[in-house]
Amino acid sequence: MNTRIPRRRRGASLALIAIAGLTGAALTGCAPGSAAPTAQNDVEVSTELTSDPVQLTIADETGFPVTDKLTEEFTKQHPNVTFTINRDTFQNLTANAPKLLASSTPPDLIRLPTLGDTVRDGLVANLDPYFDAYGWDAWPASQLAPLRMTDEGVRGSGSLYQLGLGYSITGIYMNTTLADQLGIDAPPQTLAELEEDMAKAKAAGVLPIMAGDKDGVVNFVVQAAMNQYVDKDQFLSWMFNEPGARYDESGNVEGAELVRKWADAGYFPSDINAIDYFTFTSRFSAGEGLFTFNGNWEAANYQKALGSNVEFFLVPPAEAGADHVAMGAANSFSVAAKSPHLNEIVYFLNWVHTDPTARQIIVDVTGASPGGDPAQELPSVEAGSLIENALKMSAQIGAENGQVDFMANTTAGIYAGSIIPESQLLVTSQITGKEFVDRVQKFYESEVGE
Amino acid sequence: MTDRAVAVAAAPRPDDAPSATATAPVRRAAARAAARRATLAGWVLLLPALAFYIGFVVWPLFQGVQYSFYDWNGIGVARWVGVENYLTVFTDPDLLGAIRNAFILIAFFTFIPVGLGLVLATLIRGIRYKAFAATAQTVLFLPQIIPLAAAGIAWSWMYAQTGAVNQILGWVGLGWITRPWLADYGTALPAVGLIGSWVLTGLCTVLLLTGLGKIDVSLYEAIRLDGAGWWREFFTITLPGLRQEIAVLVTVTVIAALSSFDIIYTSTQGGPGRATLVPGLSIFRIGFTQSDVGLASAFGIVLMVLVLIVVLPIQRLSRASDS
Amino acid sequence: MIASRTERVLGILLLSVAAIVTLLPLISMFSAALQPADQNPTGLTWPTDPQWGNFATAFETGHVWQLMGSSLVIVLGVVPLSLVAATLAGFALGSLQVRFGRGILVFFVLGLTIPFEALIIPLYYQAQSMGTVNTPWAVIFPLIGLYMPFGVFWMRAHFINVPRELSEAARVDGASLWREFRSIQLPLAAPALSALAILLFIWTWNQFLLPVVLIADPLQRTVAGALTFFQGQYSLSIPLLNAGALIIITPAVLLFLVFQRQFIRALVQGAVKG
Chain F
1 MNTRIPRRRR
11 GASLALIAIA
21 GLTGAALTGC
31 APGSAAPTAQ
41 NDVEVSTELT
51 SDPVQLTIAD
61 ETGFPVTDKL
71 TEEFTKQHPN
81 VTFTINRDTF
91 QNLTANAPKL
101 LASSTPPDLI
111 RLPTLGDTVR
121 DGLVANLDPY
131 FDAYGWDAWP
141 ASQLAPLRMT
151 DEGVRGSGSL
161 YQLGLGYSIT
171 GIYMNTTLAD
181 QLGIDAPPQT
191 LAELEEDMAK
201 AKAAGVLPIM
211 AGDKDGVVNF
221 VVQAAMNQYV
231 DKDQFLSWMF
241 NEPGARYDES
251 GNVEGAELVR
261 KWADAGYFPS
271 DINAIDYFTF
281 TSRFSAGEGL
291 FTFNGNWEAA
301 NYQKALGSNV
311 EFFLVPPAEA
321 GADHVAMGAA
331 NSFSVAAKSP
341 HLNEIVYFLN
351 WVHTDPTARQ
361 IIVDVTGASP
371 GGDPAQELPS
381 VEAGSLIENA
391 LKMSAQIGAE
401 NGQVDFMANT
411 TAGIYAGSII
421 PESQLLVTSQ
431 ITGKEFVDRV
441 QKFYESEVGE
Chain H
451 MTDRAVAVAA
461 APRPDDAPSA
471 TATAPVRRAA
481 ARAAARRATL
491 AGWVLLLPAL
501 AFYIGFVVWP
511 LFQGVQYSFY
521 DWNGIGVARW
531 VGVENYLTVF
541 TDPDLLGAIR
551 NAFILIAFFT
561 FIPVGLGLVL
571 ATLIRGIRYK
581 AFAATAQTVL
591 FLPQIIPLAA
601 AGIAWSWMYA
611 QTGAVNQILG
621 WVGLGWITRP
631 WLADYGTALP
641 AVGLIGSWVL
651 TGLCTVLLLT
661 GLGKIDVSLY
671 EAIRLDGAGW
681 WREFFTITLP
691 GLRQEIAVLV
701 TVTVIAALSS
711 FDIIYTSTQG
721 GPGRATLVPG
731 LSIFRIGFTQ
741 SDVGLASAFG
751 IVLMVLVLIV
761 VLPIQRLSRA
771 SDS
Chain A
774 MIASRTERVL
784 GILLLSVAAI
794 VTLLPLISMF
804 SAALQPADQN
814 PTGLTWPTDP
824 QWGNFATAFE
834 TGHVWQLMGS
844 SLVIVLGVVP
854 LSLVAATLAG
864 FALGSLQVRF
874 GRGILVFFVL
884 GLTIPFEALI
894 IPLYYQAQSM
904 GTVNTPWAVI
914 FPLIGLYMPF
924 GVFWMRAHFI
934 NVPRELSEAA
944 RVDGASLWRE
954 FRSIQLPLAA
964 PALSALAILL
974 FIWTWNQFLL
984 PVVLIADPLQ
994 RTVAGALTFF
1004 QGQYSLSIPL
1014 LNAGALIIIT
1024 PAVLLFLVFQ
1034 RQFIRALVQG
1044 AVKG
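Quick note, the sequences are listed as chains F, H and A, same order.
Sequence positions in the first sequence follow the working numbering and run 1 to 450.
Sequence positions in the second sequence follow the working numbering and run 451 to 773.
Sequence positions in the third sequence follow the working numbering and run 774 to 1047.
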């Protein structure tokens, strides 16, 4: 912090004149920024790994050790390839990503939850040539669709720019000890049943949903509710920034109103806006809360804390027997367009999806589906474990074609700039579901509509 | 202190400096030559400081002004938009809310520390035990040594539902008002403000203490003989004597309030909702997460102008009171 | 000021309360740091099983050693250069009293009102075009520039109060400006210089915003930036975070405690002038 200013003397007028002059000079200067997007390195596509020593850099977020394990294993199998992993917080990483990619020494691989403008500015490598070379058409198209982007900046189709180190699935974890106490013997099959169970819990003095919104995680609940009412493709086209797609459709409003109803009924913790991710997982692990909405990545921790007294299942649909819809996304990474090691880093990405040890690592460390060819054998999991549940859920969602991306990834700034603050108001009954949806739509328009 | 400033203003310039031995005309010529050399030397000496300052502060400032007139994402083509970004700053309710919050913080970053500082400085002054006074000074100054980011983290934890603040409230029988202070819409901003009070009170205390040291003790003796109590003494002697220091402190703390970032970034991130959103955090988010460089730059310039608007009158007031 | 008995007792009481309130957050951090790392700690308690190991874990997870190294690099780049530039300028404005000196001083001092946030974005692009982005220089150069207003003001305030007779005597003796500066002025300026050095050290050590924006590799930022290592998107250990924060605070606090007397005295004397 700076300190101290003395009294002003005259001569301030001199300064003002200088200021005016320089301002004029600055304004007449040329516009900032460059016109042409940076060109991708022209490299001949090869699916063979070089035997020369190679040093690859990965920019990843803190708290995700899976990249460490994967790169360790890869170096074991191919000793000539070593990795340096730079970690930063999710916030800093998303804020710095475009700058990192545009610098003269970009990381070869970078964790990128949202493509944003990186495709338009030519910062990320187009993986289509590798798609053909490696034969990735055997992989589920729906899994790769969110990782594509057209030249106009619309996701869902176009060239492939990302791959996932694991593909996650979200759902509901249920504390079965508490459930047994309340007379609930099976996971709810419809939203109505879920609400009944929550009402039972509330009446008995048990916290129905353990959730937190200090850093936005309650949006697992908000979106889960919306998922059951929206037209999935319509929702996806909004998330993919297709022109004309809107967030304030009736399904989204219904979902948000449902969450508001739950907030009014007191189903959330009273201090929900003070609870961050760590707190909300540790409190559920300590036995607080009948349900918690979270993803497969936490399965191992919950299992450790609650043993066999916890179940994991997909969010039930609104109507009995309908298909399930669940959020899931690739733990998406992109290759820098200017990377000098395109072949090597893509080889690594392919290896992650196809090598049995790599796939096992992904399942063991994150509980996510390893992606890749569905015909390939799935890694082994402990029977009856939450991770086994998670893989089954992934498979079910794949079969029912019910996967949607996280709405937080819709644009670069929408999560921190709009969804988190507005959801904080929603779950404490400060705004209605309609207001929530309208405000997020407005922010979306201001970010996308240039 | 006032007389020292006057003395500085009236200080003889090198031209007039008499030399003891030479005759008058030779003296003047020699003095003028020396003055020219001194001025030239002076400018050379000023060069490094000016170079760094202009190069890395003033020039970027003007570049910021330039960016503010464009719509630019930092990497691609920039589009001229004139004053549109500034209009957004003054019409977007979220951004205006951030400015409002920054001004509210002034109550906590300025009024409380300066007020408390006055009280504490007066108290320390009256203490006989020098060791106790010195220790108190050191302890009170500690928050200035700690990175603001760490202060944000320390206090976040204290304000938590199971943190120290609620615990202590429980001990003194006020358990019924416990709550997660940083998550409650009504208390989040004041809670953050109090972090600032904690950080700045020590600085104010120490500075005011020195100021107190310069006030003539005989003035106090005289007024005591008159039978005046603590109050009168404070308002007729202490406060006026501390005018300079108070002006400096108010300036410094107001700047800290309006440009706060570290504390909020590590404690509430602007939440809940936008209750603790401040311009510093908003600029960071708009500029780096949303990549809207033009709007962020415009907001930054607006912030700077606000600081000047608040600080310049304070300086003028303090100067006027000298004469 | 002459105080009555009651006033004195009251004074000691209030001061003690103030001191305790000041130290409370630190004590609370300490208490949290000693609790088990994988659980949410509870309030202010001395844990039954103090986890001193948390400090070791925090030290490693936070790469604190490496960060102290990079902080040191930045400090060594910033402080000496700033001291030199500020002293020379302060001498020019305070002792030599160059023409337009007051205008120049105002020019510098206006810089104190510029919030960092107004500058970080242009500073980023400037570092990029200079090729210094993601190196310590990206932070060092702007910091020196940002410290000039305060530094120049501070040193000038010192030089202004050096009696003219000293420099005159030196000139009469035939000493050049340089001789005078080196043998007379510099030794006199030592207290002001050392106080400034300590202040700049602390401010640089505690820098948060500039390194986060200008240096992409978190391991090359300052120590204050290390706190972010404990905040993964989905993993935040409060005990570790507090342990890490305590480790980070320690060097600056130790430095301050060692030099506190000189420091506060010089700080306060400097503020009094001008």
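By construction, these hints were calculated from the structure, which means they are not laboratory data.
There's no promise every hint is true.
[What the hints assert, rightly or not] Within a straight-line C-alpha distance of at most 25 angstroms, the following computed DMTMM-like cross-link-like pairs (lysine to aspartate or glutamate) qualify:
id: 1; chain 1: F; residue 1: LYS392; chain 2: F; residue 2: GLU257
id: 2; chain 1: F; residue 1: LYS442; chain 2: H; residue 2: ASP676
id: 3; chain 1: F; residue 1: LYS392; chain 2: F; residue 2: ASP323
id: 4; chain 1: F; residue 1: LYS261; chain 2: H; residue 2: ASP521
[As the list claims (entries may be wrong)] Anything over 10 angstroms on all C-beta distances counts as not near chain A; from chain H, calculated:
id: 5; residue: VAL476
id: 6; residue: THR541
id: 7; residue: ARG578
[Stated by the list, open to error] Label pairs and their computed distance ranges (CB to CB):
id: 8; chain 1: A; residue 1: ILE800; chain 2: H; residue 2: ALA557; range: 23 to 33 angstroms
id: 9; chain 1: H; residue 1: GLY679; chain 2: A; residue 2: TRP825; range: 45 to 55 angstroms
id: 10; chain 1: H; residue 1: GLY532; chain 2: F; residue 2: THR357; range: 36 to 46 angstroms
id: 11; chain 1: F; residue 1: ALA133; chain 2: H; residue 2: ARG529; range: 51 to 61 angstroms
id: 12; chain 1: H; residue 1: GLY663; chain 2: A; residue 2: HIS836; range: 37 to 47 angstroms
id: 13; chain 1: H; residue 1: ALA557; chain 2: F; residue 2: GLN55; range: 27 to 37 angstroms
id: 14; chain 1: A; residue 1: PRO823; chain 2: F; residue 2: GLU435; range: 32 to 42 angstroms
id: 15; chain 1: A; residue 1: TRP825; chain 2: F; residue 2: PRO129; range: 34 to 44 angstroms
id: 16; chain 1: A; residue 1: PRO823; chain 2: F; residue 2: GLY183; range: 36 to 46 angstroms
id: 17; chain 1: F; residue 1: GLN55; chain 2: A; residue 2: ARG952; range: 36 to 46 angstroms
id: 18; chain 1: H; residue 1: ARG529; chain 2: A; residue 2: PRO823; range: 34 to 44 angstroms
id: 19; chain 1: F; residue 1: ALA199; chain 2: A; residue 2: TRP838; range: 48 to 58 angstroms
We put the CB at the ideal spot given by N, CA and C, even for glycine.
Which constraints among the numbered hints does this structure fail? Numbers only, ascending. Hint check: 1, 2, 4, 7, 10, 11, 13, 14, 15, 17 and 18 fail, others pass.
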